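Engineer: Quick note on this note's numbering: the sequence shown kicks off at 15 and runs consecutively.
If you are wondering where the hints come from, they were derived from the structure by calculation, not from laboratory data.
As the structure is a computational prediction, the values presented were derived from the model and not from experiment.
Be aware that a few hints might be false.
Simulated restraints, written as ranges between beta carbons of each label pair [unchecked claim]: (1) Leu64 / Glu114: 17 to 25 Å; (2) Glu63 / Thr212: 30 to 38 Å; (3) Glu109 / Pro198: 32 to 40 Å; (4) Ala181 / Asp117: 34 to 42 Å; (5) Gly44 / Ser132: 16 to 24 Å; (6) Leu194 / Glu109: 36 to 44 Å; (7) Arg41 / Trp119: 13 to 21 Å; (8) Asp117 / Pro198: 35 to 43 Å; (9) Glu114 / Gly45: 20 to 28 Å; (10) Val58 / Arg215: 38 to 46 Å; (11) Val58 / Arg89: 31 to 39 Å; (12) Leu194 / Asp145: 28 to 36 Å; (13) Gln233 / Glu34: 20 to 28 Å; (14) Glu109 / Arg62: 19 to 27 Å.
Beta carbons: idealized from backbone N, C-alpha and C, even for Gly.
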Amino acid sequence: MSAEPVHGDPLTDEEAALFEPPSWEERYSGGRKYWSGNPNPQLVAEVRELTPGTALDVGCGEGGDVIWLARQGWRVTGADFSANGLARAARHADEAGVAERTDWWQVDARTFAAEGRSYDLVTTHFLHPPDHGMAGVTGRLAEAVAPGGHLLVVGHAPSEAFTHLTASQRRAMFLAEELLPGLPDGFDALVVEQRPRTVVRDGVTVDVHDSTLFARRTQ
């Protein structure tokens with residue numbers, strides 16, 4: 015596993031657009047399905063033993079993790095900055111028979127504020143704001159964790175497996191330990207590691223690592 019340099023050239027307008035809502039609104043406007051619909055493996059690994067309560071999934075995309083959590087007995091709010099993505103997720107939740115256990119919230123994680131809301135679980139998978147902004151997002155999401163609740167943040171670790179992506183996209187990846195400065199006081203970090211995983215891309219098996227931060231709010 016090799017990391018990209020921490021700093022790079024400023025984003026071009028075209029690169030910056032990849033991280034903004036209009037790009038994702040366009041992506042989700044067609045009929046193509048982008049994600050498998052299966053729950054992310056680190057979510058299953060860390061959450062399956064928890065007692066179900068209320069959950070917030072930020073960057074929920076097409077709703078795969080929301081549906082899995084709802085099926086486990088959680089009351090889940092799926093959040094995303096794409097209205098089209100949320101519409102897809104809501105439709106998928108309805109088709110899965112869990113619509114009554116789900117709510118939806120259009121919000122940008124980069125400006126997220128808990129606004130008095132709290133959840134037993136706050137989770138986000140593969141959310142990669144540009145310019146190494148994920149530590150700040152982690153701090154914002156932590157504000158929505160109820161005392162005794164858990165925060166799970168998972169993303170792509172920098173790797174040669176992602177050379178097909180743009181340099182700006184690779185710079186947005188992170189290591190789990192880089193998120194720790196964003197974790198407020200009152201949290202115990204239970205897991206801070208890069209977990210290996212194999213994926214199949216265009217028929218080829220590729221080794222990647224999931225940067226995984228799992229923390230519990232103690233006060």
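Engineer: A separate judgement is required for each hint: does it hold in the structure or not?
Structural biologist: Results for each hint:
1. Distance hint check for Leu64 and Glu114: the Cβ-Cβ separation is about 21 Å, which falls inside the suggested range of 17 to 25 Å.
2. In this structure the hint that Glu63 and Thr212 lie 30 to 38 Å apart at CB is violated, the actual value being about 24 Å.
3. About 38 Å separates the C-beta atoms of Glu109 and Pro198, a value consistent with the hinted range of 32 to 40 Å.
4. In this structure the supplied range 34 to 42 Å holds for Ala181 paired with Asp117, their Cβ-Cβ distance being about 37 Å.
5. Between Gly44 and Ser132 the beta carbon distance is about 36 Å. The supplied range of 16 to 24 Å is therefore violated.
6. Separation of Leu194 from Glu109 is about 39 Å and conforms to the stated range, judged on CB atoms against 36 to 44 Å.
7. A beta carbon spacing of about 19 Å between Arg41 and Trp119 agrees with the range 13 to 21 Å that was offered as a hint.
8. Separated by about 25 Å at the C-beta atoms, Asp117 and Pro198 break the suggested range of 35 to 43 Å.
9. The supplied range of 20 to 28 Å is met by Glu114 and Gly45, whose beta-carbon atoms lie about 26 Å from each other.
10. Between Val58 and Arg215 the beta carbons are some 21 Å apart, a value that contradicts the proposed interval 38 to 46 Å.
11. For the pair Val58 and Arg89, the beta carbons lie near 18 Å from each other, so the given range of 31 to 39 Å is not met.
12. For Leu194 and Asp145, the Cβ-Cβ distance of about 18 Å falls outside the hinted range of 28 to 36 Å, so the restraint is violated.
13. With their beta carbons about 36 Å apart, Gln233 and Glu34 fall outside the hinted range of 20 to 28 Å.
14. For Glu109 paired with Arg62, a C-beta distance near 23 Å keeps the hint of 19 to 27 Å intact.
The earlier numbered hints that this structure contradicts are 2, 5, 8, 10, 11, 12 and 13.
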